[in-house]
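Trainee: Listed in order, the protein sequences are those of chains A and B. Per numbering that gives the first Met the number 0, residue 0 is the first one in the first sequence, and the count goes up by one each step. Per numbering that gives the first Met the number 0, residue 0 is the first one in the second sequence, and the count goes up by one each step.
Don't read these hints as lab results, they were simulated from the structure. Please read all numbers here as calculations on a predicted model, not as lab measurements. A few of these clues could be false.
Pair by pair, the computed Cβ-Cβ distance ranges are [said to hold, decoys possible]: (1) A/260 to B/194: 24 to 32 Å; (2) A/271 to B/15: 52 to 60 Å; (3) A/108 to B/146: 31 to 39 Å.
Okay, the calculated bits of chain A under chain B, using three or more residues with CB under 8 Å as the criterion [unchecked claim]: (4) 20-28; (5) 101-107; (6) 110-124.
The calculated SDA-like cross-link candidates involving lysine to any residue, where the alpha carbons are at most 25 Å apart (straight line), are [to be verified]: (7) A/65 to B/170; (8) A/110 to B/115; (9) A/65 to B/97; (10) A/110 to B/162; (11) A/184 to B/144; (12) B/148 to A/186; (13) B/180 to B/194; (14) A/31 to B/93; (15) A/110 to B/179; (16) B/190 to A/245; (17) A/27 to B/93; (18) A/65 to A/24; (19) A/27 to B/106; (20) B/145 to A/247; (21) A/274 to A/158; (22) A/207 to A/246; (23) B/145 to B/20; (24) A/65 to B/167.
Yeah, the Cβ is synthetic: ideal placement off N, Cα and C, and Gly gets one too.
Chain residues, written in single-letter form:
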Amino acid sequence: MRTLFFLLAFVTLSAFAAAQTRLQVVTKTVEKELTYSTGQRVNLTAQKADITIKGWNKSTVLVRLKLIAKHPEREVAERELGYLNYDIQTRNNVIDLSNRFTIPQRAGAIKGNLKAVYEVWVPTRCPVSVRNTFGDVSLSDLASEASIQLEFGKLSVANLSGKTTVISDYGDIDASELSGFFTIKAEKADITLRELSGSGTIQSRYGKLSIQPDASLTSLSVQAARTEVFLYPKRLDDFQYEVETTNAIIRVPDAYGDSLDANKRRFTYSASSHKPTLLIKNSYSPVVIQLAAGGITLAK
Amino acid sequence: MDWSRAIQNLPEHEPRPDLWDRIDADLRADAVIDRTLDDLPVFEPQDDAWEQIAGRLEKPVVRPLWPRSFRWIAAAAVVALVAGIWAVWQPVSDEKVTIAYATETVETEWAATPEPLPSSTDQKVETFINEQCAQQIVVCQKPEVKELKQQLRELSNRKMAVEQELLVFGNDPALVQAQIKIENERAEVTKELVRILRI
Numbered sequence: 000m001r002t003l004f005f006l007l008a009f010v011t012l013s014a015f016a017a018a019q020t021r022l023q024v025v026t027k028t029v030e031k032e033l034t035y036s037t038g039q040r041v042n043l044t045a046q047k048a049d050i051t052i053k054g055w056n057k058s059t060v061l062v063r064l065k066l067i068a069k070h071p072e073r074e075v076a077e078r079e080l081g082y083l084n085y086d087i088q089t090r091n092n093v094i095d096l097s098n099r100f101t102i103p104q105r106a107g108a109i110k111g112n113l114k115a116v117y118e119v120w121v122p123t124r125c126p127v128s129v130r131n132t133f134g135d136v137s138l139s140d141l142a143s144e145a146s147i148q149l150e151f152g153k154l155s156v157a158n159l160s161g162k163t164t165v166i167s168d169y170g171d172i173d174a175s176e177l178s179g180f181f182t183i184k185a186e187k188a189d190i191t192l193r194e195l196s197g198s199g200t201i202q203s204r205y206g207k208l209s210i211q212p213d214a215s216l217t218s219l220s221v222q223a224a225r226t227e228v229f230l231y232p233k234r235l236d237d238f239q240y241e242v243e244t245t246n247a248i249i250r251v252p253d254a255y256g257d258s259l260d261a262n263k264r265r266f267t268y269s270a271s272s273h274k275p276t277l278l279i280k281n282s283y284s285p286v287v288i289q290l291a292a293g294g295i296t297l298a299k
Numbered sequence: 000m001d002w003s004r005a006i007q008n009l010p011e012h013e014p015r016p017d018l019w020d021r022i023d024a025d026l027r028a029d030a031v032i033d034r035t036l037d038d039l040p041v042f043e044p045q046d047d048a049w050e051q052i053a054g055r056l057e058k059p060v061v062r063p064l065w066p067r068s069f070r071w072i073a074a075a076a077v078v079a080l081v082a083g084i085w086a087v088w089q090p091v092s093d094e095k096v097t098i099a100y101a102t103e104t105v106e107t108e109w110a111a112t113p114e115p116l117p118s119s120t121d122q123k124v125e126t127f128i129n130e131q132c133a134q135q136i137v138v139c140q141k142p143e144v145k146e147l148k149q150q151l152r153e154l155s156n157r158k159m160a161v162e163q164e165l166l167v168f169g170n171d172p173a174l175v176q177a178q179i180k181i182e183n184e185r186a187e188v189t190k191e192l193v194r195i196l197r198i
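Chain A extracted, bound-state conformation (with noise of 0.2 Å):
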C-alpha cells in the first residue's frame, strides 16, 4: 500500500514539474513625459501590446512603455528584446506612439516570448487614436474623441463620454458607462455593454450582444447579423421598442408577448412615446428581452 502511494506521489509530482518552466524574464521600461497643448491626438500603433490609456486631469502625457523578453536562457532574452522595437515622438500635432518587431532574417523564427505594455495617461480631453493586434486594450475617463480598431485580443472601455468610435475583428468588448455617441463596429466578437447611456449604433456580425442600457440611453440601433443579441433593461418600460428578426425569434418576458406578432419575428412596444427608442434587427440568431436581474447580472 505504501509502495503504491509514493510511487502515486512520484508520478503526479514528476508531472507537475513537467508542466513548469523557470523563464528569465527581462524587461526594458522607457518611461517619458510630453508637454501637451490643446487640441493635440495621442496617435498609439501597436502590435502584439497590452495597453492601457487612462483620462487624468494634468496637462501632460505619461508614457510608460515595458517591453519585455522571455525565454529560459537570459542570452536569449537579451538578445531578442533588441528585436522590439518602439517610438515616443511629437510630430507636429500628433504625438506618436507604437512599437514593433524588426527580426533580422538570420535569426529567422523568435525563441522567446516578446511583449509590449503600454501605460499611458492623457489629459481627459485629449483625443485618442489606437491600432492593436494580439492584445489587450483598456480605456478609461475620457470625455474626447477616441477611435480603436483591434483584431483579437480584447477591448475594455470605462467612462467614456465623448465620441468614441470601435472597430473590432474577433476582439471581444467589455465597456461599461459608455456615453456621448458611440459607434462599434465588430465581427465575431463578444460584446458586453453594461450601463450604456448616450446614443449611437452598433453592428455586428456573427458573435454575441449583451446590453444593459441605462434609462438615460437616448437612442440606440442596433444592426445585426447572425449574433446573439440581449438586452436587459432595469424597467422594459423606459424605452420603445422596434425589433425585428429573419430566421430567428424574438424572446420577450410573458407580460409582453401580446406585443409580439405570431411567428415571434417582430417586437413593437412602446408604453410612451416621449420614451427613447431601441431599434433592433437581427437575422439568424435569437433576440432575448429580459429584465435586468438585481441591474448587474449578464449572462455571460
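Fit chain B to the known structure of chain A by using the hints.
Mentor: For chain B alone, kept in the frame of chain A given last:
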C-alpha cells in the same frame, strides 16, 4: 454665359473600367513592399572596414585653418555651440530607460496532449461543398449559402495569416488563443454549411 450652361459644356471623362483594380493593385503592392522592407537582411560590416577605407585614402596634408589669434575665438564658439545643443536637447532626453531582470515560472503544455487526427477533413469538406454546389446549383445560389461560403473563405485566409505569425513568434499564448477562436468559428461555419447542403 451662365453657370449651369457652362457646367453642361464641360467635357466628360469616363475613368477606365479597370481603374479601381489598378488602384487596388497599387495599394497591395505598397503593402507588400512595406512588409518586405522589415524582412530585409541586416549585414554587419567587417570590423576593419574603416581602417581599409582610411588606408586607401590619400594622406591628408595638415594646414592651419586660421591665424593663431582666431583659434581662441573659434574654440569659444564651439564651446558655446555645444552648450547650446546641450541646452536644446536637455528637455528631449527626459526619457528614462531602465532594464530589469526577473525570473518567472510558467505552465507549459502537457507532453501528453491529444494527437491531431491523421485525417484531411478540411480538404474533404471543401471537396464536399464544391461537389454539392455543382449538383445542387439552386441551393448554392441561396444568399445564406453564399454568405457562409464567403465567411469560410475569410476564415481560411485569417487562419493562414495567424499560422504565419505562429511560425515567427512560436507558441505565443495570444496567438494560440486567436488560432483557437478562428478554428472554432471555422468549425461552426463548416458544420452549418454541411448541414444545409446535405438536405
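Trainee: None of the hints should be skipped; say for each whether it holds.
Mentor: So, going through the hints one by one against the coordinates:
{"no.": "1", "hint": "A/260 to B/194: 24 to 32 Å", "result": "holds (27 Å)"}
{"no.": "2", "hint": "A/271 to B/15: 52 to 60 Å", "result": "holds (57 Å)"}
{"no.": "3", "hint": "A/108 to B/146: 31 to 39 Å", "result": "holds (36 Å)"}
{"no.": "4", "hint": "20-28", "result": "holds (count 9)"}
{"no.": "5", "hint": "101-107", "result": "holds (count 5)"}
{"no.": "6", "hint": "110-124", "result": "holds (count 4)"}
{"no.": "7", "hint": "A/65 to B/170", "result": "holds (21 Å)"}
{"no.": "8", "hint": "A/110 to B/115", "result": "holds (24 Å)"}
{"no.": "9", "hint": "A/65 to B/97", "result": "holds (9 Å)"}
{"no.": "10", "hint": "A/110 to B/162", "result": "holds (16 Å)"}
{"no.": "11", "hint": "A/184 to B/144", "result": "holds (23 Å)"}
{"no.": "12", "hint": "B/148 to A/186", "result": "holds (16 Å)"}
{"no.": "13", "hint": "B/180 to B/194", "result": "holds (21 Å)"}
{"no.": "14", "hint": "A/31 to B/93", "result": "holds (6 Å)"}
{"no.": "15", "hint": "A/110 to B/179", "result": "holds (21 Å)"}
{"no.": "16", "hint": "B/190 to A/245", "result": "holds (20 Å)"}
{"no.": "17", "hint": "A/27 to B/93", "result": "holds (16 Å)"}
{"no.": "18", "hint": "A/65 to A/24", "result": "holds (12 Å)"}
{"no.": "19", "hint": "A/27 to B/106", "result": "holds (23 Å)"}
{"no.": "20", "hint": "B/145 to A/247", "result": "holds (19 Å)"}
{"no.": "21", "hint": "A/274 to A/158", "result": "holds (24 Å)"}
{"no.": "22", "hint": "A/207 to A/246", "result": "holds (17 Å)"}
{"no.": "23", "hint": "B/145 to B/20", "result": "holds (23 Å)"}
{"no.": "24", "hint": "A/65 to B/167", "result": "holds (21 Å)"}
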